[in-house]
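Protein sequences appear in the order of chains A and B. Taking the numbering used here, the leading residue of the first sequence gets 334, the next gets one more, and so forth. Taking the numbering used here, the leading residue of the second sequence gets 83, the next gets one more, and so forth.
It is possible that part of the hints are untrue.
Okay, the calculated bits of chain B under chain A, using three or more residues with CB under 8 Å as the criterion [unchecked claim]: (1) 130–139; (2) 142–155; (3) 208–220; (4) 227–241; (5) 271–278.
Straight-line alpha carbon distances no greater than 27 Å define the calculated DSS-like cross-link-like pairs of lysine-lysine that follow [to be verified]: (6) B/K263 to A/K895; (7) B/K141 to A/K575; (8) B/K125 to A/K977; (9) A/K988 to B/K136; (10) B/K141 to B/K125; (11) A/K733 to A/K767; (12) A/K410 to B/K301; (13) A/K743 to A/K924; (14) A/K410 to B/K263; (15) A/K415 to B/K223; (16) B/K251 to A/K415; (17) A/K403 to B/K263; (18) B/K120 to A/K410; (19) B/K223 to A/K410; (20) B/K136 to A/K977; (21) B/K136 to A/K592; (22) B/K120 to A/K1009; (23) A/K592 to A/K478.
To give an idea of the interface, some chain B residues facing chain A are shown, with a C-beta separation under 10 Å as derived from the structure [as the list claims (entries may be wrong)]: (24) D96; (25) K99; (26) C106; (27) A112; (28) V116; (29) F118; (30) S123; (31) Y224.
What the hints contain is simulated information worked out from the structure, not anything from laboratory work. Where a beta carbon is used, it is the ideal one built from N, C-alpha and C, also for glycine.
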Amino acid sequence: MKIDRRSFLSFLIGGAAGTTLSPLTWKLMDDSAIWTQMWPWTPVPEDGEASYVNSACSLCSGGCGITVRKIDDRAVKIEGMKEHPVNNGGLCLLGLSGLQLLYGPTRVRTPLKRVGKRGQGRWEKISWKDAVSEVSETLGELREKGQSHTAGIISGSDRGTVPRLFDRFLTVYGSPNLMRTSSIIDSYELTLHLMQGVQALPGFDFENADFILSFGSGIIDGWGSPVRMFRANSTWCNTGGKVIQIEPRLSNTAAKSDKWIPINPGTEASLALGIAHVIIKESLYDAGFINYYSEGFEDWKRFVLDEYGPDSVATVTGIDSTTIIALARSFARASKPLAICGRGQGTTPGSLNECTAVHALNALVGNINKKGGIFAVAEPDYINWPEIEMDDSAAAGMQKGRLDGAGSKKYPFSRHLLNRLPQAVNSGEKYPLKALFVAGANPLYTMSDSKAVKKAFDKVPFVVSFSSYMDETAQNADLILPNHAYLERYEDIPTPAGMPKPVIGLSRPVVEPQFNTKHTGDVIILLAKAMGGNIADAFAWNSYDECLKETLGYKWRVMVEKGFWSYPDIFVQTHEKSFDTVSGKFEFAPKETGSLKQFKPVNIEGDKTNYPLLLIPYDSIRLANGVVGDPPFVMKSVDDTVLKGTDVFIELNPKTAGEHGLREGQLAMLSTPVGKARVKVHLFDGIMPGLVALPRGLGHTAFDDYLAGKGINFNELIGPVEDSVSGLDAAWGIRVKLAKA
Amino acid sequence: MKHKKAKKYGMVIDLDKCTGCGSCMVACMAENNVPFRKDESDKLLSITWMRIYKLTNGKPFPNIDICYLPRPCMHCEGQHEGHSPCVTVCPAIATDYSIETGIVSQIYTRCFGCRYCMASCPYHARYFNWWDPVWPDGMEKYLSPNVSPRMRGVVEKCSFCFHRYQMAKEKAFMEGRRELKEDEYQTACTQACPAGAITFGDLNNPNHAVHRMVKPDLKHHGRPTNPNAFRLLERLGTNPKVYYLSSREWVRRAGDNYLEKEVKLKKTVHHG
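Sequences are here, hints too, so could you generate the full structure?
Spelled out as structure tokens, the structure:
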């Protein structure tokens, strides 16, 4: 048979049609699908003996107790610890997914030294010995040249033994530059210092309060110790406690509150003073407290009565005067009212004016250091190490002012001003930063104006990360000395944010270290020993565990057994002794705060003509935006109106969207004076017209594929705005332009 | 006699307390070896035995209100005990209703993936494994031996943490008891909820918190008699064993998914 073109084509087409119509192909596909279904790639988890280990979670500053279920030597589930003073059995979703961090692909498995360019991701594995000697040599050289002050540390906290070991190391080495990650705690510390004369942390007795006036604090969005706040919120459901939420966006907290009062963003301080105006005018304040235990009330009263009448406050805040008056009355008449501030999760300090104004409200109703009120909680004094012997070069180094300007003439009261570091490094106005350690922090992600932060990092010749995970900062370091993951190490967990009484948690190894990591505490001790001299003398311990055990003393045994050490109860101090100001009383108008000056709203960046809208961040408990990012389980819980594929949604009022011709799901371009981003539009009636809201916690470039490359990091779009009194970052938003993409 | 002893495990979720934090979702994923993929933003494909829905009252600023609604499997009792929508359609008896506990099971090795049950479930509580579950290198270490990971091609859903029931039962038997105490068997989501919004227990037992909270009318398929309590899509007659509490009327109405003008129509419809 001759094969011509026609028969060849007939054969091809006929064959194709025949194969398509024949069930054989489909049958085979189906069979192979079923057959391969049983291939051994579905894991069968090994069974074994079940056991439970109590520990503490340190993924945020919440300090929850955890109970980890184990099967032989594997940790299989994290649960909240029952009877724990913070969380009593409950746990947040980040804490619940901690095993994905422990066993996850983002762990740094061994000390790494950079080979390629910074951030290129090319590393060389090195031994711990080499790693430690590399750091000690670099630090030794600096010290010899008399430049010990050019070394610095960015630390997630300044409490607890590990941050204190860093502090001790830096002091005896001769640098004043330990910088703590900033948060609303900075503003509160300063407020308590200025108004009450104490060095203390704020402690809120939410459980006993019955009227919460929240100036934008995300009570159930991750503010304070998140699980404790969830529990407090449920307590109010049972006891009839009221929550009034003041913020421009209907957050979860606002939705669950008894009353949501939308306010023009950034005008919270004016509202607080407006409420004070009504309380004073109608004599609803606690006269006993004011007359006997306060100072400067008359001046402050005049100022508030003159400047903050309900009508003028109504114009500024956009809340009508009858609402302000009613709010003031119900606040003052409640039996246990409590006013709090710190927007969202309280990750930015905000203006000092705002914090002092809100705190003054608490003083007006006399709930300072009182049941259901706000306490000045001194950190328990359990870390008592021998005095450091300083040599001359250390003393000289410590004499140099801090690079971030904290404690300087300009900002004498602030203790940490990390937000000022990038600018100080980039301008080179003081002195350069030649070595930087980063521990318990991820500044390249969490600090605002990412570009400037990156630029500053590029100017530091030696960056060492102590991170357990390959985060943004570790990616851009020269050396990574990975810490054990939090479930592999002993560490004391200091009092959780906002607790009215001190509780020390004990984090302890649930599993053996999975990789070639080392406890950061041990690394500091090794480093000190390598440096020799006075530095080695200041670290007499052989290991961190020895140091911790010795430090905790008789508490150790109890903490190992129970998992935490709880101090007896709130010490109800008498007002006579609780204020350590010059007058010995509560200062309504400490001169330094400038609260008697005309209130000036924080000038956020951008002009109105080029940037007609306002961009504000919002926090969600489902988006971790601190030291770690969302593990895969938590990413799974993120709504598809927040993130779709790799696109993040902005929230926009339908009215604003209409003015810009934007529809649901449409792509848009956001531009601020700091940066640009492509986003999708989500129409949401819960946001004030004229505002644009973007979630924090997305836009990671590090961590794993489950998180990286999705959405936008809010910090790329905003820069810090210095508070004129504290120097802390007072920015609450930035002006923005929105266009169709 | 046997029936009198039967349990009817159910759940009450207090929507006034629920903060939508997502702890229940993640506690469930961690407890039940639920797999995850790189992109989980397509919620039709994302396996979440417990899923939180965001409800709004649909009003404009500033009168808008939000409520979160966690949705596990409803473990429907059906018109007659065991006539759950999914159980009645399953050709493989891969999903079954336990008269003893009231729990709707899912037997992965029997399931051949026809997904009839998914079509019949009015609550979207069932999920299909379109892909093999893959854990990144090392992460398989945290998998729990108490729940078998599912293979591609089968349907899965909330089991009310049935393995916890089995473990509690075994423990009780070892101690010579036949009855479980209320706190001995609790689901992972109930245990994790930081707000204490979820309560779990035996609806048949008047001493259990769930019974006291909703006061189910056991003669009428457990219809709640607490005026703040409701069940999702009550009118379908699926008789779920998951109850919700809310003091907000719009939430209760949203739970039953009324359509516009439906109130009038409802009077003429006869319920069996």
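Hints, one by one, checked against the model:
no., hint, verdict
1, 130–139, "holds (count 4)"
2, 142–155, "holds (count 8)"
3, 208–220, "holds (count 7)"
4, 227–241, "holds (count 7)"
5, 271–278, "holds (count 6)"
6, B/K263 to A/K895, "holds (25 Å)"
7, B/K141 to A/K575, "holds (23 Å)"
8, B/K125 to A/K977, "holds (10 Å)"
9, A/K988 to B/K136, "holds (22 Å)"
10, B/K141 to B/K125, "holds (25 Å)"
11, A/K733 to A/K767, "holds (15 Å)"
12, A/K410 to B/K301, "violated (40 Å)"
13, A/K743 to A/K924, "holds (14 Å)"
14, A/K410 to B/K263, "holds (23 Å)"
15, A/K415 to B/K223, "holds (25 Å)"
16, B/K251 to A/K415, "holds (22 Å)"
17, A/K403 to B/K263, "holds (24 Å)"
18, B/K120 to A/K410, "holds (22 Å)"
19, B/K223 to A/K410, "holds (11 Å)"
20, B/K136 to A/K977, "holds (16 Å)"
21, B/K136 to A/K592, "holds (19 Å)"
22, B/K120 to A/K1009, "holds (26 Å)"
23, A/K592 to A/K478, "violated (61 Å)"
24, D96, "holds (8 Å)"
25, K99, "holds (5 Å)"
26, C106, "holds (9 Å)"
27, A112, "holds (6 Å)"
28, V116, "holds (8 Å)"
29, F118, "holds (4 Å)"
30, S123, "holds (5 Å)"
31, Y224, "holds (4 Å)"
In summary, the numbered hints that this structure violates are 12, 23.
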